[in-house]
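Undergrad: Using the sequences and the hints, build the whole thing.
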Amino acid sequence: MTIDDAHTENLAAADTDRLIKKIQLNRHSDRYREDFEELATEFHSKCPVAWNTEHGGYWFVSGNKELFDIARRADVLSNENDPDEVKRGYWGISIPPPQRRPGQPIGGFLEMDPPEQRHYRQALNPYLSPAAVARWQPVIDEITRASIDETIESGRIDFVDDLANIVPAVLTMAMLGMPLADWVVHCEPSHASVYTRPDSPDIMRVFQQMMEARANTAAWIQKIRESPRPGLIDGLINSEINGAPPSDNDVLGAVGLLIGGGFDTTTALTAHALEWLSENPGERERLSREWDTLRDSATEEFLRFYTPAVGDGRTIQIDAEIDGVRFKEGERLWLSWAMANRDETVFEDPHTVHLDRKGNRHSSFGLGIHRCIGSNVARATFKTMIRHVLNRMPDFVCDPDGAVHYDSTGVINGMKHLPATFTPGPRIGAGLDETIERMQTICDEQRLAEPITVHKGRAELID
Amino acid sequence: MKVRVDPDSCQGHTLCAMTAPDLFELSDIDGHASAVTEDVPADQETLAKEAARTCPEQAIILF
Numbered sequence: 000m001t002i003d004d005a006h007t008e009n010l011a012a013a014d015t016d017r018l019i020k021k022i023q024l025n026r027h028s029d030r031y032r033e034d035f036e037e038l039a040t041e042f043h044s045k046c047p048v049a050w051n052t053e054h055g056g057y058w059f060v061s062g063n064k065e066l067f068d069i070a071r072r073a074d075v076l077s078n079e080n081d082p083d084e085v086k087r088g089y090w091g092i093s094i095p096p097p098q099r100r101p102g103q104p105i106g107g108f109l110e111m112d113p114p115e116q117r118h119y120r121q122a123l124n125p126y127l128s129p130a131a132v133a134r135w136q137p138v139i140d141e142i143t144r145a146s147i148d149e150t151i152e153s154g155r156i157d158f159v160d161d162l163a164n165i166v167p168a169v170l171t172m173a174m175l176g177m178p179l180a181d182w183v184v185h186c187e188p189s190h191a192s193v194y195t196r197p198d199s200p201d202i203m204r205v206f207q208q209m210m211e212a213r214a215n216t217a218a219w220i221q222k223i224r225e226s227p228r229p230g231l232i233d234g235l236i237n238s239e240i241n242g243a244p245p246s247d248n249d250v251l252g253a254v255g256l257l258i259g260g261g262f263d264t265t266t267a268l269t270a271h272a273l274e275w276l277s278e279n280p281g282e283r284e285r286l287s288r289e290w291d292t293l294r295d296s297a298t299e300e301f302l303r304f305y306t307p308a309v310g311d312g313r314t315i316q317i318d319a320e321i322d323g324v325r326f327k328e329g330e331r332l333w334l335s336w337a338m339a340n341r342d343e344t345v346f347e348d349p350h351t352v353h354l355d356r357k358g359n360r361h362s363s364f365g366l367g368i369h370r371c372i373g374s375n376v377a378r379a380t381f382k383t384m385i386r387h388v389l390n391r392m393p394d395f396v397c398d399p400d401g402a403v404h405y406d407s408t409g410v411i412n413g414m415k416h417l418p419a420t421f422t423p424g425p426r427i428g429a430g431l432d433e434t435i436e437r438m439q440t441i442c443d444e445q446r447l448a449e450p451i452t453v454h455k456g457r458a459e460l461i462d
Numbered sequence: 000m001k002v003r004v005d006p007d008s009c010q011g012h013t014l015c016a017m018t019a020p021d022l023f024e025l026s027d028i029d030g031h032a033s034a035v036t037e038d039v040p041a042d043q044e045t046l047a048k049e050a051a052r053t054c055p056e057q058a059i060i061l062f
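As you go down the protein sequences, you meet chains G and C in turn.
Using numbering that gives the first Met the number 0, the first residue of the first sequence is number 0, and each one after it goes up by one.
Using numbering that gives the first Met the number 0, the first residue of the second sequence is number 0, and each one after it goes up by one.
Worth flagging that the hints you see were computed from the coordinates, not collected in a lab.
Just so you know, these numbers come straight off a predicted model, no measurement behind them.
It cannot be assumed that every hint is accurate.
Only pairs whose alpha carbons sit at most 27 Å apart, straight line, appear in this in silico DSSO-like list of lysine-lysine [claimed, not checked]:
no.	chain 1	residue 1	chain 2	residue 2
1	G	Lys64	G	Lys45
2	G	Lys20	G	Lys86
3	G	Lys455	G	Lys222
4	C	Lys48	G	Lys64
5	G	Lys86	G	Lys64
6	G	Lys45	G	Lys327
7	G	Lys64	G	Lys327
8	G	Lys20	G	Lys327
9	G	Lys45	C	Lys48
10	G	Lys357	C	Lys1
11	G	Lys382	G	Lys415
12	C	Lys48	G	Lys382
Label pairs and their calculated CB-CB ranges [stated by the list, open to error]:
no.	chain 1	residue 1	chain 2	residue 2	range
13	C	Glu44	G	Lys86	43 to 53 Å
14	C	Glu44	G	Asn241	42 to 52 Å
15	C	Ile28	G	Trp290	22 to 32 Å
16	G	Asp322	C	Met0	22 to 32 Å
17	G	Lys455	C	Glu37	21 to 31 Å
18	G	Pro227	C	Leu61	44 to 54 Å
19	C	Lys1	G	Thr420	46 to 56 Å
20	G	Gly401	C	Arg3	44 to 54 Å
21	C	Leu61	G	Ser226	45 to 55 Å
22	G	Glu239	C	Val35	31 to 41 Å
If you only want the chain G side, here are some residues facing chain C, beta carbon under 10 Å, derived [what the hints assert, rightly or not]:
no.	residue
23	Phe67
24	His118
25	Pro125
26	Pro129
27	Ala130
28	Met210
29	Arg360
30	Phe364
31	Gly365
32	Val403
33	His416
34	Lys455
We put the beta carbon where it would ideally sit given N, CA and C, even for glycine.
TA: Listed below in structure tokens is the structure:
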């Protein structure tokens with residue numbers, strides 16, 4: 000039994016007037032990953048807002064209505080992460096929190112509250128709006144084309160290693176204003192840091208890799224400070240946060256957020272969608288045939304069903320009652336985007352993928368003021384990769400024995416490997432290294448990474 | 000039927016413009032939506048309702 004039958008039991012002795020439904024669920028456990036649908040259905044009917052006794056105790060919000068009502072209450076919720084304990088000592092968006100070391104950067108503006116958080120977003124939105132992202136489409140197409148060309152003649156591909164890890168990573172580097180070729184420095188730690196369980200013996204090795212990648216980022220922040228080049232980093236350096244420029248450490252935290260958000264999530268979505276399409280060849284053929292009409296709804300449906308960022312933590316910053324639940328200042332809370340996306344009161348037949356689903360009000364990019372700032376990049380990159388695969392490897396078959404899902408889906412629901420075979424085809428252009436070099440030149444010469452307020456032109460793939 | 004986007008609720012999810020591109024336009028700067036015109040043409044009413052239903056922030060007001 001998941002839910003404490005004696006749910007009138009009190010959370011704490013002082014809370015005698017609060018009736019709380021308790022659960023015990025380790026989000027990093029096999030049970031959470033394997034029984035996700037059953038748990039979601041059970042929570043929705045019995046405890047859409049529950050007190051999870053794991054990891055120090057925290058509210059677990061899974062009901063769609065409750066999530067909608069709570070997630071948008073920026074007056075009640077705080078994202079603050081305060082490792083130096085100079086504010087309220089809150090713990091940011093991770094539950095359990097990662098190792099806390101004084102002086103380390105926090106998770107950028109995702110671990111801040113307004114007004115600072117708003118100032119960061121205002122500085123970065125012009126790089127990431129739909130219009131800003133559309134300028135990059137020829138580059139996204141080229142990186143995707145080159146990644147596929149590397150494997151097209153062999154008839155074998157690992158959709159994670161050979162495609163979905165590469166395209167979002169190279170594009171993120173380009174948008175930041177970092178060297179495109181440096182995507183390899185950040186790739187492994189970006190993924191390993193989310194799929195490695197906090198109690199794994201491997202965690203220190205992953206942490207070390209993360210530190211090395213962070214040192215690379217810090218060096219580039221310095222270089223761009225000394226010799227400006229367009230991109231998100233330049234935008235951060237020149238931003239005004241509460242009337243002052245952000246510190247090096249704050250820029251580092253923000254870039255870390257953009258790399259983490261840019262790399263792993265789109266990879267996860269693409270891998271899961273391709274795995275599903277392999278298992279459902281009729282639907283794959285339909286998506287390919289009706290691409291123009293199904294492209295958007297299919298993308299939103301994969302986002303809903305395979306919610307890459309499964310949830311986010313918050314801290315209650317004022318006592319408040321929402322939907323009959325009384326929250327107290329200092330309590331931790333988890334917004335389960337992934338479970339709310341499976342709530343049958345909003346989504347008919349919630350545990351089935353319908354490529355033409357209408358009214359798909361999913362919350363996979365979060366809700367409220369912290370909506371994923373890279374959502375437009377994610378959609379464009381995902382659609383490009385899927386379309387190229389459907390066009391050039393239409394009969395691909397994934398190998399279920401070779402597919403490796405994340406050990407823990409407590410943070411990101413992703414895949415490490417997804418090998419597939421297909422009927423080989425001809426290369427149509429240069430390989431990946433040469434293409435990355437060429438895209439670097441195009442980025443530099445056309446100043447593609449400028450914000451839309453400075454440069455409106457679409458990338459031109461001149462030879 | 001008339002339509003409006005509540006600018007305080009809209010967070011730039013862009014689903015409305017995806018659903019009903021003739022009814023909603025997105026800011027170049029931050030992707031936040033606004034109605035192209037307040038009046039919804041008769042043949043676009045179904046799409047307007049669909050966009051309102053789809054909005055994750057429920058920021059679209061039909062009246």
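Undergrad: Look at each hint and say if it fits the structure.
TA: Hints and how they fare:
1. Lys64(G) / Lys45(G): Between lysine 64(G) and lysine 45(G) the Cα gap is close to 14 Å, so the pair holds against 27 Å.
2. Lys20(G) / Lys86(G): Violated: lysine 20(G) and lysine 86(G) sit about 31 Å apart, past 27 Å.
3. Lys455(G) / Lys222(G): holds (26 Å)
4. Lys48(C) / Lys64(G): holds (19 Å)
5. Lys86(G) / Lys64(G): violated (32 Å)
6. Lys45(G) / Lys327(G): Answer holds: lysine 45(G) to lysine 327(G) is near 22 Å, not above 27 Å.
7. Lys64(G) / Lys327(G): Status holds; Cα separation ~20 Å.
8. Lys20(G) / Lys327(G): holds (16 Å)
9. Lys45(G) / Lys48(C): violated (31 Å)
10. Lys357(G) / Lys1(C): OK: lysine 357(G) and lysine 1(C) at ~21 Å, within 27 Å.
11. Lys382(G) / Lys415(G): holds (20 Å)
12. Lys48(C) / Lys382(G): At roughly 26 Å apart (the allowed maximum being 27 Å), lysine 382(G) and lysine 48(C) satisfy the hint.
13. Glu44(C) / Lys86(G): 43 to 53 Å: holds (49 Å)
14. Glu44(C) / Asn241(G): 42 to 52 Å: holds (45 Å)
15. Ile28(C) / Trp290(G): 22 to 32 Å: Holds, at about 30 Å.
16. Asp322(G) / Met0(C): 22 to 32 Å: holds (31 Å)
17. Lys455(G) / Glu37(C): 21 to 31 Å: holds (28 Å)
18. Pro227(G) / Leu61(C): 44 to 54 Å: holds (47 Å)
19. Lys1(C) / Thr420(G): 46 to 56 Å: Roughly 55 Å apart at Cβ, these two residues keep to the hinted range, so it holds.
20. Gly401(G) / Arg3(C): 44 to 54 Å: Between glycine 401(G) and arginine 3(C), where Cβ atoms are some 51 Å apart, the hint holds.
21. Leu61(C) / Ser226(G): 45 to 55 Å: holds (52 Å)
22. Glu239(G) / Val35(C): 31 to 41 Å: holds (33 Å)
23. Phe67: holds (8 Å)
24. His118: violated (13 Å)
25. Pro125: With a minimum Cβ separation of about 5 Å from chain C (threshold 10 Å), the hint on proline 125(G) holds.
26. Pro129: Hint on proline 129(G): holds, closest Cβ of chain C at ~5 Å, below 10 Å.
27. Ala130: At about 4 Å, which falls below the 10 Å cut-off, the nearest Cβ of chain C leaves the hint on alanine 130(G) intact, so it holds.
28. Met210: violated (33 Å)
29. Arg360: With a minimum Cβ separation of about 5 Å from chain C (threshold 10 Å), the hint on arginine 360(G) holds.
30. Phe364: Holds: closest Cβ of chain C sits about 6 Å from phenylalanine 364(G), inside 10 Å.
31. Gly365: Result: holds, 9 Å to nearest chain C Cβ.
32. Val403: violated (31 Å)
33. His416: This interface hint is violated because 31 Å lies over the 10 Å limit.
34. Lys455: With Cβ-Cβ at 8 Å, under 10 Å, it holds.
Checked against the numbered hints above, the structure violates hints 2, 5, 9, 24, 28, 32 and 33; every other hint is satisfied.
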